[in-house]
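Student: Here is what each chain is made of, one letter per residue.
Protein chains: 2
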Amino acid sequence: MKNNIIKPSILAGFMELLPKNQKKFDDIVSKIKAVYEENGCEAIDTPIIEKSEVLLAKSGGETEKQVYSFEKGKNKMALRFDLTVPFARYTAQHFDELAFPFRRYQIGKVYRGERNQRGRYREFYQCDVDVIGKNSLSINNDAWVINLADRAFKAIGLTSYKFQISNRKILKGILSELEIERENDVMTLIDKYDKIGEKCFNDELTKVIGSEQAEIINNIISIEGSSDETIKRLSEFKFSNETFIEGIKELEKVTNILSCLGVSSDKFTINLKIIRGLDYYTGTVFETFLTGNESYGSVCSGGRYDNLAEKYTNNILPGVGMSIGLTRLFFVLSEIGFLDTYKANNSLDYLILPLGDTMDYCIEVMNDLQKKNYVATVYFEESTLKKMMIYANKIQAENVIIIGEDEVKNKRLKSKNMKTGEETYINL
Amino acid sequence: MKNNIIKPSILAGFMELLPKNQKKFDDIVSKIKAVYEENGCEAIDTPIIEKSEVLLAKSGGETEKQVYSFEKGKNKMALRFDLTVPFARYTAQHFDELAFPFRRYQIGKVYRGERNQRGRYREFYQCDVDVIGKNSLSINNDAWVINLADRAFKAIGLTSYKFQISNRKILKGILSELEIERENDVMTLIDKYDKIGEKCFNDELTKVIGSEQAEIINNIISIEGSSDETIKRLSEFKFSNETFIEGIKELEKVTNILSCLGVSSDKFTINLKIIRGLDYYTGTVFETFLTGNESYGSVCSGGRYDNLAEKYTNNILPGVGMSIGLTRLFFVLSEIGFLDTYKANNSLDYLILPLGDTMDYCIEVMNDLQKKNYVATVYFEESTLKKMMIYANKIQAENVIIIGEDEVKNKRLKSKNMKTGEETYINL
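Protein chains in written order, with the working numbering: chain A, 473 to 900; chain B, 473 to 900.
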């Protein structure tokens with residue numbers, strides 16, 4: 473009797489990997505996690521489902537449309553769409569029991585019902601670090617979170633990436649100095665610069681603030697060079713606006729501490745066109761691009777904000793954070809071929825193959841290899857050598873040890889490398 | 473201007489931990505994961521949201537009522553309520569690309585809208601291992617999955633637990649031998665034995681099959697002693713039913729291989745009252761109880777099934793699996809005081825405290841300590857020594873290193889242990 477078979481499939485826009493790639497994904501997660509933990513970040517884990525009224529307290533418009541929300545019993549609930557809002561709720565809720573500055577990391581899945589597009593996922597991992605102060609927070613932390621991203625990328629083995637760093641206070645100060653009233657329109661335009669291109673940007677900007685001021689803004693945002701040079705050239709504008717001066721000072725501090733923390737100067741640059749939307753960030757902002765593959769967009773972004781949890785508490789909680797969009801990064805790393813040669817640390821060192829009635833000894837050998845910190849297991853089925861070798865190959869075992877009755881008698885074991893075919897005797 | 477503050481809170485029935493306990497939770501997860509990986513299990517990660525028609529293909533009744541389901545656009549979707557159904561879907565969907573036996577593990581959150589009760593969670597972690605064969609699967613694997621649970625518990629540092637193992641074929645064979653027609657009623661009754669108690673069980677059983685047969689069943693299910701003794705006493709019944717004989721043979725094999733794998737004989741026992749529902753399991757079944765705290769229920773269960781994915785494929789996929797209910801286990805470990813003395817491996821070894829303008833050198837010291845594999849970070853705020861020491865204490869730093877201008881000049885560093893107060897000079 474056959475059942476009615478339901479075609480096994482998942483929803484569109486969800487990433488699901490085969491074991492071979494899952495191993496690589498998990499290896500990357502554990503490397504990022506290790507970097508966060510080695511640097512003293514504290515993990516939190518919040519529910520994926522939250523109360524709608526709490527989760528959506530701040531949002532609206534586009535975000536809210538993308539949220540997965542539903543009811544069960546009398547409760548309206550929704551799936552988290554980022555890790556920041558739940559973190560704000562967490563910090564406000566557990567405020568009295570936390571130590572500030574609170575350096576938390578969280579690696580988890582978030583949900584957005586975005587339009588279905590290649591490389592865009594509706595369930596994706598974010599790997600966030602934020603540092604939150606009570607009333608104040610040193611600018612040192614701004615450099616520190618970028619440095620964590622740098623260490624994470626290094627740990628993964630990435631070499632071609634660049635942090636593009638700015639400070640929102642600089643442009644804000646300039647717009648105020650120039651007495652430009654349509655500040656938000658200008659910022660929005662600069663935010664879109666890369667999307668709309670230089671020509672269109674110039675036309676639009678001139679329409680908003682006139683050609684004279686547009687030229688000044690253009691001169692400023694197109695400054696290029698080393699961080700030191702850029703900061704020097706910005707200072708030469710001699711604007712007296714305090715926000716501007718503070719912005720430059722902060723940016724200078726961030727780049728200095730970055731170097732001090734060990735971030736190579738070819739891994740970051742100042743780019744005043746980095747804005748990151750209008751709502752949230754107030755000082756340092758940064759994005760990260762894979763060099764030569766900038767068109768995939770930023771793979772790690774973040775910045776400084778004045779108050780994490782204003783919807784949930786009257787405490788003033790300034791913070792700075794960064795987020796690696798791991799599912800998207802993994803997609804890009806796959807596209808650009810980086811994963812092809814990526815070697816995960818968690819592969820099977822030894823597969824032990826029993827021939828005849830040798831199971832007990834096979835298990836003994838497995839236990840011994842594991843004591844020596846090898847990943848090892850036994851092929852438990854009764855089978856032919858040929859079938860077992862095909863299996864060993866398919867699961868990408870590094871080595872096999874064939875154990876027949878002779879091996880049990882002589883306690884002399886041969887290990888065969890599955891790539892080179894080389895055979896070596898091993899001692900237990 | 474004050475905002476309208478929304479009280480930060482989460483839904484009832486969700487576990488959320490403070491950093492101190494989260495550290496312990498994560499440490500337990502990483503130990504379980506390490507055991508699974510050292511033994512060659514392959515990780516998979518499936519979406520938390522699945523298509524309703526796929527996820528709910530098999531279920532019905534109680535389970536279906538507990539499922540979180542909703543619609544977005546034209547899609548009906550639901551949150552996974554265990555890791556087994558998504559695994560069955562995964563195995564069927566990716567069948568051609570998998571190597572069998574497929575040993576997969578998955579650690580992830582699942583969702584059930586259960587009645588709100590202390591110690592019952594609506595979002596909880598499961599840590600599953602299953603081995604799936606194509607058409608057949610050796611009984612060795614039944615012992616192997618239990619052995620993995622044993623290794624996981626050992627890794628966590630648990631010493632008081634016991635696996636209660638049975639094989640469904642034994643009772644099935646006996647009921648057939650005794651020509652008892654109301655097989656399901658008897659099995660259901662035995663399944664409820666612990667819940668309803670001996671007296672009530674006997675009364676009910678007598679009602680169903682009469683006192684003579686009830687006595688035989690009672691004699692059989694109350695056999696106690698070592699595994700060898702129990703198997704010997706079962707064999708002495710001399711039933712000729714093949715299922716019965718097969719069940720005993722399998723159970724004997726499982727206990728033998730368990731010993732061979734290194735599971736101590738005081739950690740498992742045969743208990744023929746273990747049934748684990750009627751739907752799914754067909755051979756080996758087991759539950760795990762914390763000795764002296766049996767009333768909390770089983771913290772790890774599993775067993776053998778004939779066909780993993782019959783709803784999704786015509787391939788015959790026998791398997792055996794086990795699941796550690798981690799959120800529940802963590803709750804129980806907290807209740808019984810085990811967590812009070814639990815030491816997580818991921819604590820902060822050094823917190824470096826800057827006094828005066830010594831930040832650059834502090835960072836140098838941090839980098840150096842991290843190269844020596846210590847978890848280290850710098851306190852980045854300008855603050856007083858007193859405030860910094862309170863912070864160090866609150867985040868449970870193991871040691872602090874205070875760096876003032878003298879330390880920068882002399883490169884002579886003192887580390888202070890936060891528990892003992894002991895001070896030692898350290899070399900960089």
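Hint data in this document are derived by calculation from the structure and do not stem from the laboratory.
A few of these clues could be false.
Pairs count within a copy or across copies, as identical chains cannot be separated in the list.
[To be verified] Derived DSSO-like pairs: lysine-lysine, alpha-carbon spacing no greater than 27 Å straight-line:
hint, residue 1, residue 2
1, 626, 503
2, 725, 881
3, 844, 505
4, 866, 505
5, 891, 725
6, 883, 503
7, 843, 503
8, 725, 859
9, 671, 644
10, 710, 721
11, 544, 634
12, 505, 704
13, 704, 886
14, 891, 783
15, 505, 626
16, 606, 866
17, 859, 679
18, 844, 606
19, 548, 537
Remember, predicted model here, so these are calculated numbers, not experimental data.
Student: Give a verdict on every hint.
Tutor: Outcome of the hint check:
1. 626 to 503: Cα proximity of residue 626 and residue 503: in one copy and across copies (10 Å, 25 Å).
2. 725 to 881: between (70 Å within a copy, 23 Å between copies)
3. 844 to 505: both (25 Å within a copy, 18 Å between copies)
4. 866 to 505: between (29 Å within a copy, 22 Å between copies)
5. 891 to 725: neither (51 Å within a copy, 35 Å between copies)
6. 883 to 503: neither (39 Å within a copy, 32 Å between copies)
7. 843 to 503: The answer is both: 24 Å in one copy and 15 Å across copies each meet 27 Å.
8. 725 to 859: Between copies only: 24 Å across chains, 62 Å inside a chain, cut-off 27 Å.
9. 671 to 644: within (23 Å within a copy, 80 Å between copies)
10. 710 to 721: within (13 Å within a copy, 89 Å between copies)
11. 544 to 634: neither (45 Å within a copy, 38 Å between copies)
12. 505 to 704: neither (37 Å within a copy, 51 Å between copies)
13. 704 to 886: Classified as neither; 66 Å inside a copy, 39 Å across copies.
14. 891 to 783: neither (58 Å within a copy, 38 Å between copies)
15. 505 to 626: both (13 Å within a copy, 24 Å between copies)
16. 606 to 866: between (54 Å within a copy, 15 Å between copies)
17. 859 to 679: So residue 859 and residue 679 fail the 27 Å test inside a copy (73 Å) and across (53 Å) alike.
18. 844 to 606: Classified as neither; 48 Å inside a copy, 32 Å across copies.
19. 548 to 537: So residue 548 and residue 537 pass the 27 Å test inside a copy (15 Å) and across (17 Å) alike.
Of the hints listed earlier, those the structure fails to meet are numbers 5, 6, 11, 12, 13, 14, 17, 18, in rising order.
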